[in-house]
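Visitor: Numbers -30 to -1, 1 to 190, taken from mature numbering (1 follows the signal peptide of the UniProt record, and there is no 0), label the letters of the sequence shown in order.
Any given hint could be a false lead.
Claimed, not checked - Here are the simulated EDC-like cross-link-like pairs (lysine to aspartate or glutamate), alpha carbons at most 16 angstroms apart as the crow flies: (1) K50 to E119; (2) K21 to E35; (3) K50 to D95; (4) K121 to D95; (5) K121 to E6; (6) K21 to D77; (7) K50 to E6.
Calculated directly from the structure, the hints in this document are not laboratory data.
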Amino acid sequence: MRPKAPWRAPAAATLAAAALAAIDPAVAHAHFALLEPACYSEQSNLGDPQKSAPCGQADPGNPIELTGEVTTYVQGQTIKLRIDETIFHPGHYRVSIAENAESLPPDPEVTPGATPCGSTVIETDPQLPLVADGLLVHTSAFTGEQTVEIKLPDDLTCENCTLQVSEFMSNHGINNPGGCFYHHCATVTILPREGEPTGAGGAGGESGEGGAAASSSVSG
């Protein structure tokens, strides 16, 4: 069985989040903007649209405006993921890559706590299409934009595939229609390394080596 680690915000963070929500209901729904790689859609100053899975494409009253931007990488490359969490709630991030949006994995199951969004599992040995999980775990507000480095699988190549960044936010109510998660996607192409055959494994296939190691850095 694939190892999993439960994630639950500490009680102090739970109380703080509940207090914020009582003061300002808007805080009950966290938001983030995807800065790198380039988001496949236009984003508001809060990062909307982002609620609906898998890519924020079905948010009520907030239609997608495609940018047409494509970010190019090389297989096995260590890439930078940069986000700006515009409204805070305790939680963490995960990254998946698939041939298209329809092939992305569903959001993991959530166990209710003091609020409907209590805790969820973190995959400690992610396998494609999941590339990394448990990124930027936090129980207090970030001081600025956040950057995390992720190594792409060594045998993964694809053209115009979909990279998804999703955020689990604990200690708040269900968002419509994304549940306890927020979602952004980027269109990416992963080229073979020089001298590598062009028929290497595709996104979401069985040939990937699995999840990537990740390290995070904070700016701001």
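Visitor: Hint by hint, say whether it matches the structure.
Guide: Tested hints:
no.	hint	in the structure
1	K50 to E119	holds, 5 angstroms
2	K21 to E35	holds, 15 angstroms
3	K50 to D95	violated, 20 angstroms
4	K121 to D95	holds, 14 angstroms
5	K121 to E6	holds, 15 angstroms
6	K21 to D77	holds, 12 angstroms
7	K50 to E6	holds, 7 angstroms
Hint compliance for this structure: hint 3 is the single one not met.
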